[in-house]
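Going down the list, the sequences are from chains A and B.
By the working numbering, the letter at position 107 of the first sequence is numbered 107, and the numbering carries on one by one without gaps.
By the working numbering, the letter at position 84 of the second sequence is numbered 84, and the numbering carries on one by one without gaps.
Watch out, some of these pointers could steer you wrong.
[To be verified] With a straight-line cut-off of 35 Å between C-alpha atoms, the simulated DSBU-like cross-links for lysine-lysine are:
hint	chain 1	residue 1	chain 2	residue 2
1	B	57	A	42
2	B	14	A	45
3	A	97	B	57
4	B	9	A	45
5	A	2	B	9
6	A	42	B	9
The set of hints was computed from the structure by calculation and includes no laboratory data.
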Amino acid sequence: RKEVEQDPGPFNVPEGATVAFNCTYSNSASQSFFWYRQDCRKEPKLLMSVYSSGNEDGRFTAQLNRASQYISLLIRDSKLSDSATYLCVVNSDSWGKLQFGAGTQVVVTP
Amino acid sequence: DGGITQSPKYLFRKEGQNVTLSCEQNLNHDAMYWYRQDPGQGLRLIYYSQIVNDFQKGDIAEGYSVSREKKESFPLTVTSAQKNPTAFYLCASRTGVDEQYFGPGTRLTVT
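Isolated chain A (complex conformation) (with noise of 0.2 Å):
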């Protein structure tokens, strides 16, 4: 079983609508959690940390469910320049080891 698992997508969203998906971890002991965005043959790159209690920048908003192993992003208002691949990434020890999903892909049309 893989540590950190996503939806692979895509995600096929209307301009204007809400998207929500989820990232399972394998590892109780996991402490921190973070969505990085990669759009296509760049890097990612940080789009927020995610706190125990949620979280919400702009029209992002993060959520951890520690009892059932996951986090969830929901994006808002989906915007176009929002296409990309979002990534769930979970830290699971202090050296910075950090384990990476594969990637949920959102495409956002018009």
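Chain A is already provided as a structure; the job is to place chain B on it using the hints.
Below, chain B without anything else, positioned relative to chain A:
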């Protein structure tokens, strides 16, 4: 401007040749990392270094080597022993908290 640079952006080599990928950062980060990404897969850790003159193997270190002689630099050598070297290679560094920041990557093609 502070950041992480990787060069070259594209690299082509013949099978059996060693090749070294460059990674430089001027962010004053202590920790640096090398990842490999294959199509449709997540990033996999090759090597990481927490401090100068020290580094540890990641999950897929076989066929690769690194050095960390300076804080700013963490070059990766892909040796001829690496069976499937064609991939997108990403270098990252870490702040005092958990987030890692990535360089633009090097696409290596070995034929």
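Outcome of the hint check:
1. 57(B) <-> 42(A): holds, 25 Å
2. 14(B) <-> 45(A): holds, 31 Å
3. 97(A) <-> 57(B): holds, 11 Å
4. 9(B) <-> 45(A): Status holds; Cα separation ~17 Å.
5. 2(A) <-> 9(B): holds, 30 Å
6. 42(A) <-> 9(B): OK: residue 42(A) and residue 9(B) at ~11 Å, within 35 Å.
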